[in-house]
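Once you've looked at the hints, dock chain B against the given chain A.
Protein chains in written order, with this note's numbering: chain A, 1 to 210; chain B, 1 to 316.
If you are wondering where the hints come from, they were derived from the structure by calculation, not from laboratory data.
Source: prediction; values computed, not measured.
All C-beta atoms, glycine included, are put in the ideal place defined by N, C-alpha and C.
Treat the hints loosely; a few may be bogus.
[What the hints assert, rightly or not] Have a look at the derived ranges for each label pair, beta carbon to beta carbon:
no., chain 1, residue 1, chain 2, residue 2, range
1, A, Arg124, B, Lys315, 35 to 45 Å
2, B, His202, A, Arg208, 50 to 60 Å
3, B, Ser46, A, Gly193, 50 to 60 Å
4, A, Gly161, B, Ser249, 22 to 32 Å
5, A, Arg54, B, Ser136, 20 to 30 Å
6, A, Asp136, B, Arg118, 28 to 38 Å
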Amino acid sequence: MTKPSEIELSRRQLLAATGASVAAATYPSAVAAQASTQTPSTARVSFTVNNTVRKLEVDTRTTLLDALRENLRLPGTKKGCDHGQCGACTVIVDGKRINSCLSLAVMHEGGKITTVEGLGNPKRLHPMQAAFVKHDGFQCGFCTPGQICSAVAVLDEIKAGIPSHVAADLNAAPQISNAELRERMSGNICRCGAYSNIVDAITEVAGRKA
Amino acid sequence: MKPFTYQRVRSPAEAVAAFGRNKNAKFIAGGTNLLDLMKLQIEAPSHLIDVNGLALDKIEMTPDGGLRIGALVRNTDLAAHPRVRRDYAVLARALLAGASGQLRNRATTAGNLLQRTRCPYFYDTNQPCNKRQPGSGCAAIGGFSRQLAVIGSSQACIATHPSDMAVALRVLDAVVETVKTGGVTRQINIRDFYRLPGDTPHIETNLADGELITAVVLPRPVEGKHGYRKVRDRASYAFALVSVASIISRDGSGKVALGGVAHMPWRNETAEAQLPKGAKAVAENLLSDAKPTEHNAFKITLAERALASAISEAKG
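Excised from the complex, chain A in its bound form:
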């Protein structure tokens, strides 16, 4: 008799399997047309993800986002719009936050990538993760990994003296304020509208650091 655990599918596996069969059923002609014009090309790339060196061979079209989620099975980083408009895919690369959906995996040879999984885990939360929980900085949670990666990098940007659109004086050191955080976090959309709680969470972490 089969044990229940062997036939149980996780929600993620089920969704992944369903997605693949739907795609195959709906787009066979598109796939065939693509293959006939040019065959997919692969390339090797090696980078560090959350302090572990990872070597991959990927289709050159693979975005950094898809490499993290699909090849490396790190689904913390989310795919929202996949066009750089929502910020759900934000990760920190070589110390800077970027939209991982608008970057190719092969462009990050030797890069140092930090995803939300690398900031902390349920047993050892990063201070920003703990502050988001404390201040209710989310409802559905889909944008949260991107918000947290972005927030951590924003505090580093302020510390490094990088000015923002709301700076009254471009040459003065930027301060932590509601206006500054709202402007700097504008690339992360939250459709549940948790913005004020997100700003409260970041403000608390910034205060603790200062």
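Frame of chain A, contents of chain B only:
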């Protein structure tokens, strides 16, 4: 995305040579606009030449007191550079008014200049668009044109150029340095860099095929109060309806260029001479040939008011 082969290059010479060997190639730097367009198959290169290893990421003084900005300097780094903040504030302000923190960390100086329009009909591949598919028509004319051009447009295209940075570079009289096949270099004044749409809206700049931007050079700093006034539908992370880049002296004279109104940053030296007389005089001259649609006629009034705001801020 369509499949493509990929290669990294180490020098501008290697980059242009690689372009010469590959039909339908594209240079990729930040990739923030190119990959967006490739996902929609609006761009479909069969070969990508990654230029990020070209060491064109320095900002240096020029012998005559100006600044040479490497093509690969990221928008964040350019806006944060002490000399840019102090002596070319219009440029720092324009950069910081554009995109989001994440995008500015990736987007490069050359890539910002070469980004393509955000006209919704250019992006919607179900619609005709002369810029995307020459000769197919323009769905924006007669369509929803609130964001689109009011001047310099044609029967073929009413798209705008989306860059804030380019508007600042226009008042700064910046010069674009390039290299092309065979190592031939040239300097193009930003005034001559972009093209009006005419009947070839798919050709947006005067760069030759495979010509690579290596730097943008700013002349010596210009005296006067620098400002970048951007009016948009939300307070952050949106393209301009109208923007004004300005450098205004104490006597009221100066330089101004408009963004969000045309296929290129919009500046006219005759109109600029009217600055001491006020915003109305400048706007009337600068936009005298405007042909707005019923949806975007408000941009004419908005441009005059944004100019007035820029002038009064400079006096303040």
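Outcome of the hint check:
1. A:Arg124 with B:Lys315: 35 to 45 Å: 56 Å, violated
2. B:His202 with A:Arg208: 50 to 60 Å: 53 Å, holds
3. B:Ser46 with A:Gly193: 50 to 60 Å: 43 Å Cβ-Cβ, so the 50 to 60 Å window is violated.
4. A:Gly161 with B:Ser249: 22 to 32 Å: Since Gly161 of chain A and Ser249 of chain B have Cβ atoms about 29 Å apart, the given range 22 to 32 Å holds.
5. A:Arg54 with B:Ser136: 20 to 30 Å: At roughly 44 Å between Cβ atoms, Ser136 of chain B and Arg54 of chain A fall outside 20 to 30 Å, so the hint is violated.
6. A:Asp136 with B:Arg118: 28 to 38 Å: Holds - the Cβ-Cβ distance for Asp136 of chain A and Arg118 of chain B, about 35 Å, lies within 28 to 38 Å.
The structure shown violates the earlier hints numbered 1, 3, 5.
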